[in-house]
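Protein chains in written order, with my numbering: chain S, 14 to 403; chain X, 1257 to 1490.
Hints in this document: simulated from the structure, not taken from any laboratory.
This one's a predicted model, so the numbers in the text were calculated from it and none came from an experiment.
Quick reminder that beta carbons are idealized off the backbone N, C-alpha and C, glycines included.
A portion of the hints provided could be inaccurate.
Unchecked claim - Partner residues aside, some chain S positions facing chain X, computed with beta carbon under 7 Å:
1) Ala318
2) Gly320
3) Arg323
4) Pro396
Said to hold, decoys possible - Every beta carbon over 10 Å from chain X, so not counted as near; a handful from chain S, in silico:
5) Asp96
6) Thr183
7) Ser215
8) Asp236
9) Phe355
10) Ala370
So the chains spell out like this:
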Amino acid sequence: MNVGEIVRFALRGIGANKLRSVLTMLGILIGVAAVILLVAVGNGSAQSVADRIEALGTNTLTVMSTSRGAGGLTTEVADALDDRVLAPGVASVSPVVSTSATLTYAGAEHEISSFVGTTPGWFTASNFPVETGATFTADDEAQARRVVVIGRTVAEELFSGVDPVGKQVTVGGALFTVAGVLQEKSSSGFQDANDTAVAPISAVQQVLSGYGPLSSILVEARDPGMVDTVQSEITTILNQRAGADTYRIQNASQLLETQTETADTFTTLLGAVAAISLLVGGIGITNIMLVTVTERTREIGIRKALGAPRRVILSQFLIEATLLSVIGGGLGVAAAVIGSRFEIVGVQPVIVPSSVALALGVSVLIGLFFGGLPAARAARLRPIDALRYE
Amino acid sequence: MSNRPVLDVRSVTKVYRDGNTTVRALDNVSLRVGHGEYVAIMGSSGSGKSTLMNILGCLDVPTTGTYLLDGVDVSRLSDGQLALVRNRLIGFVFQAFNLIPRTSAAANVELPLAYSGMRAAERRRRALFSLDLVGLADRADHEPNQLSGGQQQRVAVARALVTEPALLLADEPTGNLDSHATEEVLSVFDDLNAAGRTIVLITHENEVAARADRLIRLFDGQVVEDARVGRHAA
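Take these sequences, add in the hints, and give me the full structure.
See the structure below:
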């Protein structure tokens, strides 16, 4: 009796009651699809969070000012951080003043919450290049020229249908010439990262913020692996120059790590919930196989009377249960793959290949395990008891 | 008659325990059946004839006593060996036909050969030959519910014959059939017996028993009559 033959018997058994087989498969299908899809949703949201954080630049550190009064972060402190000897890992240092401002152009007004004054190095450090026009230069910065690079949102609000480059906008009573428009950037959180304008720090201090302390200092490390080293290097300098309680360092890669951990927990939780539905599907298989065995007790008796060995009866029912779960699982994978093409609760799911393998593997095991009990029962039946069964 | 009997039942007793009451279905039964014999077992219901048949067919085991099938003590065999014995040595015909539903006549007849591991082409050839023997070669692709009772029983007989067993056991094979279908099945048995096959059948109809050449009558689990009858009666 070869395997192909037993598989044929099993297929005939599944075909004998199509509606019941389909419903049983549906249980496994939903379980497998739910596992794959929910893990994909968790993974997709983790990836989108990671993308947003990476957009901030993973090789940068932001030194935030926490002191309100005088002292704290000053331009001198920022200059001190760019030290080849004490801080060899630092690639660039950009002092940042940030203030809110209203931009006016040809009667149109636009309020910006973060009008940034900084140095030209900021554009590369913050991973925020210009799309049209140019950034301002170190010379512009030194001369405190009133030039500004605006974000995409600002360009759309003030200059609908007009090329903003070369136009003049009024900010705080002074005229600024638009030098360029920043590339669009994915936004993190509620704030629109494109609703911004960047000008030389000297000009901003002159016109808007005055010569108070800096809002923050953006420090770029030579490579992402050196961020932690750079953090300890600048901590030493900052403690010496500005005092330990006047600043806070924000580390994008740390933020990324924390967010990834949170997302992983979320994914695991979703997966666990889905796994329960897979288990319920498995119990459905047991139930159906028990019914099948009971219903076909006479047939088992006939087969045994004709000389079917226990092994063959066992295999027939095991294969039947496994086929139910494998076909259901396969369709579940297909359903999950199709489902992952659509956005679910605002997240584009990204399928984790290992979750497909896991869900399929588990569904096969469920077939073997939950089908095993009824199959063993069928195989153990004494022929005479099976034949007498009504 | 050959010197080694096909069936050799030695003081077999079968006791069923149902709660506190015990039922002695077979009480110290001994009998031997030689090659080529055509034996009818008769008895009223509850006389133990079905129990005897189940033991002869290796579907049930005796409480005490030994049963030798073709010289082999069946009680010593393992589960797997018993399956082999049922497959190779015994052909069973049931009162209720017991064909596998939704399965063609040919596939039903092929089943014992499938379990013995024969190749598909050879199996098909033998199954068709066996169906031809019972006169149903043209019904090979019909499913049981498309066949009349007599035809179903003849398919069952073909299935019992297909492995060329030493022994054909029939448990009231005509019990569910009308007189015409009964005649169909019995004439198949006559032909088989004429060809030298050993047949043991259970019946409670005298005209069926009359076709056999030996009649065993059971009463309360004991053999009360064992006589040569029918065409071969002295």
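So, against the hints stated earlier in the document, which numbers end up violated here? Hint check: nothing fails, all pass.
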